[in-house]
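S.K.: For reference, the chains in residue letters:
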Amino acid sequence: MIEINKITKSYGNHENKFQILKGISAKIGDGDFVVILGASGSGKSTFLNVISGLERPDSGSVKYDGRDITKLSDCDLTAFRRKTVGFIFQQYYLLPDMTVEKNVRMGADLADNSDYREIIKAVGLEEKSRKYPGELSGGEQQRVSIARALAKKPKVLFLDEPTGALDELTGRQVLDYICGLQKKSKFTVVMVTHNMNIAEMAKTVIKMNSGKVLQVYTNETQKSAYEIGW
Amino acid sequence: MVVGIKDAAKLIGISVIICCAVLICTMFLNFYFDIRQVEELVPPGQAMIFYDAQVSTAKVVCFVTGGCLLITSVIMLFFYIKHYIDTHKKELGILKALGYSNLKIAKNFWVFGTGVFTGAAAGFSGAFLLMPKFYELQNEDGILPEIAIHFHLTLFLHFVILPTAVFAVLAIFYAFLKLKRPVLTLLKDDLQNSAKIKKQKEDKEGAFIDGLKRNTLRTKKTLVFFIIFASFCFSAMTQMAASMKELASEMMGVMILLIGIILACTTLFLAITTVIKGVCLFCKN
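Going down the list, the sequences are from chains A and B. In terms of numbering that gives the first Met the number 0, the first sequence has 154 at position 155, counting the first letter as 1, and numbering is strictly consecutive. In terms of numbering that gives the first Met the number 0, the second sequence has 148 at position 149, counting the first letter as 1, and numbering is strictly consecutive.
Next comes chain A alone, as it looks inside the complex (with noise of 0.2 Å):
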């Protein structure tokens, strides 16, 4: 369980000064999919940046199983980092100068996983496993940055809009790939988009704007990757 509890946030000093979050609270149960779901500006990403412990709040606490992670000290919130989530960003942010499998590995290796072949193959580029970020597409180096988190064994994936550099296709298939690993695996997954559609994909959604929790809603009915509008 993740315990979101007034957590604020600002950039910028003295005049220039700008508050991001204003006091969001919040609760996600393990294994649950979740959507952050607001505009652009809305403070999503920095939302789940202070969640997923890559940076921290000025006020407020976010505790895993009663364990506040904005208390910890940087090496412990490293180790929190290494142990129990897992990233995948909009820009991907593979390292250029590593193949495909040494990517993967550079996530397997904290996790002493010596099945990230078998994490390469189900992303289907088993055949691609020797070459270079440059040389991939989009969506293929997608799948790349989705096996390197997945191959940390992640109890918490964090997803800060995945498939905004994708085409409809390529996007369908990665959210289609995450989601059937999420019912498989049973990890928690939070995701920030501004797409409503993919909003229509989780159990739980949280609604934000201008640094606050609008609603919080639960879907009846998670459509699927191919279900929904785009």
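Quick caveat, the hints were computed from the structure, so don't treat them as lab data. Don't take every hint at face value.
Stated by the list, open to error - With a straight-line cut-off of 25 Å between C-alpha atoms, the simulated PhoX-like cross-links for lysine-lysine are:
no., chain 1, residue 1, chain 2, residue 2
1, A, K16, B, K179
2, A, K185, A, K211
3, B, K179, A, K211
4, B, K179, A, K82
Since the model is a prediction, treat every value here as computed from it, not as a measurement.
Based on the hints, put chain B in the right spot on chain A.
M.R.: Chain B in isolation, oriented as in the chain A frame:
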């Protein structure tokens, strides 16, 4: 990992400077150890005065040349590491986001010690190739008894092994300090650099050259310091070379002058490539 041997190959500047430093220091200190062994055979009078002069010269040249070039190398190493981290921010940020600790990432910077080893080994070997001619020139007039060349293991340990180990440790330590930044600062330049970019845009409203000058000085303080220090070393070496030519031998004078020129050229090359990269970034923004 992100840091590899190919990155250490870019430390050619440090290798060259370390090579020059070890070459000079090895020659003079080896001579110092060997000449001390014939001290008892030196007759009193003019020969002893000449002997004392040779011993003092060996120590002073070694300390001055070695000291200047060592400090230059350390500053250069820090500069290269900082430059490397700045140009590979995203990759290092990815590693941190994944969960790699600062120490685990910093440990890979040991490879920068291999550049030092290459230069030191080359300098040490080169010194022994030049040693016979050097000894001959130092005792050209035959005032002192014949001085035999001996290999001193302590010099190899202090001038090759020790600098390699020290520079590797320094590289790890400095990288560890520089990696102590928030993950998102490394991953995404936008937030932290927005203030800098805003200032750069304000500069663009003025003359381009003025903006470029201010930008270069503002963002390259380490480089500016390095150039000033290297210029100081070059001046000192040239001055010493002129004195050596008159008071010692022409060969030493030429060697010291060559080292000064190599130091100046290496610094100029480093400065030009860094400034050009900065110009490209300035124009892009």
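S.K.: Next, verify each hint and record whether it holds.
M.R.: So, going through the hints one by one against the coordinates:
Our distance criterion of 25 Å between C-alpha atoms is met by K16 (chain A) and K179 (chain B), whose separation comes to about 24 Å. Taken as a hint, the K185 (chain A) and K211 (chain A) pair is broken in the structure, with Cα atoms around 29 Å apart against an allowance of 25 Å. Pair hint K179 (chain B) plus K211 (chain A) does not hold up; C-alpha atoms about 31 Å apart against a cutoff of 25 Å. At roughly 20 Å between alpha-carbon atoms, K179 (chain B) and K82 (chain A) fall within 25 Å of each other, so this suggested pair holds.
In this structure, the hints that do not hold are numbers 2 and 3, in rising order.
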